[in-house]
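Novice: Please take these sequences and the hints and turn them into a complete structure.
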Amino acid sequence: MNIEDVARLAAVGRSTVSNVMNRPHIVAPATRKRVLDAMENLGFVPNESARVLAGGPGRFVGVVVHDASNPFFGEIIRTVEDAALNLRYIVSTTNTGADPVRESTAVELLIQQRASGVLITPSALPADALGRLRRIGTKVVVLDAPGESGICSVAMDDTAGGRLAGQHFLDYGYRSFAFVGTPARTTQHAARLAGFRAALEESPLGRRLDVQVIEVPHEDIVSGRQAAERLQHRDSPVAVLCGNDLIAMGLSFALQERGTVVPQDVAICGYDDIDMVRYLSVPLTTVRQPVHDMARTALELLVEEMRVHEHEHQAVLFAPELVVRASTARQ
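The opening residue of the sequence shown carries number 749 in the working numbering; numbering runs sequentially from there.
Possibly wrong hints are sitting among the right ones.
Claimed, not checked - So the derived label-pair ranges between C-beta atoms look like this:
hint, residue 1, residue 2, range
1, 1007, 882, 32 to 40 Å
2, 1007, 1078, 14 to 22 Å
3, 897, 1052, 16 to 24 Å
4, 882, 850, 44 to 52 Å
5, 946, 850, 28 to 36 Å
Keep in mind that the hints were calculated from the coordinates and are not lab data. Just so it is clear, CB atoms sit at the ideal spot from N, CA and C, and this is done for glycine as well.
Specialist: Below is the structure:
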C-alpha cells in the first residue's frame, strides 16, 4: 500500500495526497476529506520516519520546559499537545530543571531527531544553541521569556508583574520586603525581582525600602520550605514576593508550622496562579500568567513559521494580572 494507491482511490494527484499529509491547510476541505477517507479505507499509514530520512518535512515538534511537575509548565505542555494533535503534529517534551547544560543537550537531541520546530522555555540558554537550530532550518519559538532578534517569542511582562506585587504591598502598608526565587539563574525571576525593586524605589519612601533576596536552588515547594529558615522577619510584618507559586506554597507551609501567622506576620505573594493556590488554608495572592493563551499563541507562531516562507517574527508580550487573596490582605 503506497501513496499512489491512495491517490488513485481518491481520484487526485500524488501531490495532493502529499499536501494532505504535510500541508493540509492548503487543500480544499472536500478534497482533504476524500483523501483521508481513501487512506482509512485502504488502511494507509504515512511513514513518518521514511519521510524525515528522505529530507521531507516531518510533523514532530519538540517542547523544552523547566519542569513538567510544576503545574504551570504542565499546563503549557497539555495546551500545546492538545492544539498540536488537532494539527496532526506529534509533541516530544523534555524537562531541563532550568539547567542551561541540560537545555543545550535537549536542543542537540532535537536537532539529531530532525524536529520540525521547537518551543523552548529557556532559563539562560546560550545564544549559540538557538543559533544552531536556526542555521539548520529548525523553526524556534521562545516561550515564557523574551526572545532575541530574529526569533519569535511569547512571554508575560515579568517586570510589570513584579511592579504589581510591589505596589500591592505598598498599598497595604508593608514596609519590610523580601524576594525568594532563582534570580541569579533564571531570566524570568530576575525580571520579577527587578520590577519588584523598581516599585519600591519609586515610592515616596524610595531607597529606604530594602529587599532581602533569598536565592533558592530550585523552583519548588521544598526550596520554599528551606527559605523560611533564612527569612528575616523580626521587623514584622514582612512582605515576600516569591518567584513562583510552588516556592510561595512551601514558604507558607513552613512558616505556619512554626507558628508564624500569614499575613499578619508575613505576607506572601506568589507568581503564576496555578489552580491549587486558591484552595490553600490561606489562599495565595499571586500574579496571574495567562498560560493557555501564551501556549496556544506560541504554537500558532511556530506552525505559521513552519508553513509560511515569508514569516514575520513577532515578540508577543502579555500583561500580568494581580489576584489578591488572603495571604496578603491585612485586616
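Novice: Any hints from earlier that this structure breaks? Give me their numbers in increasing order, please.
Specialist: 1 and 4
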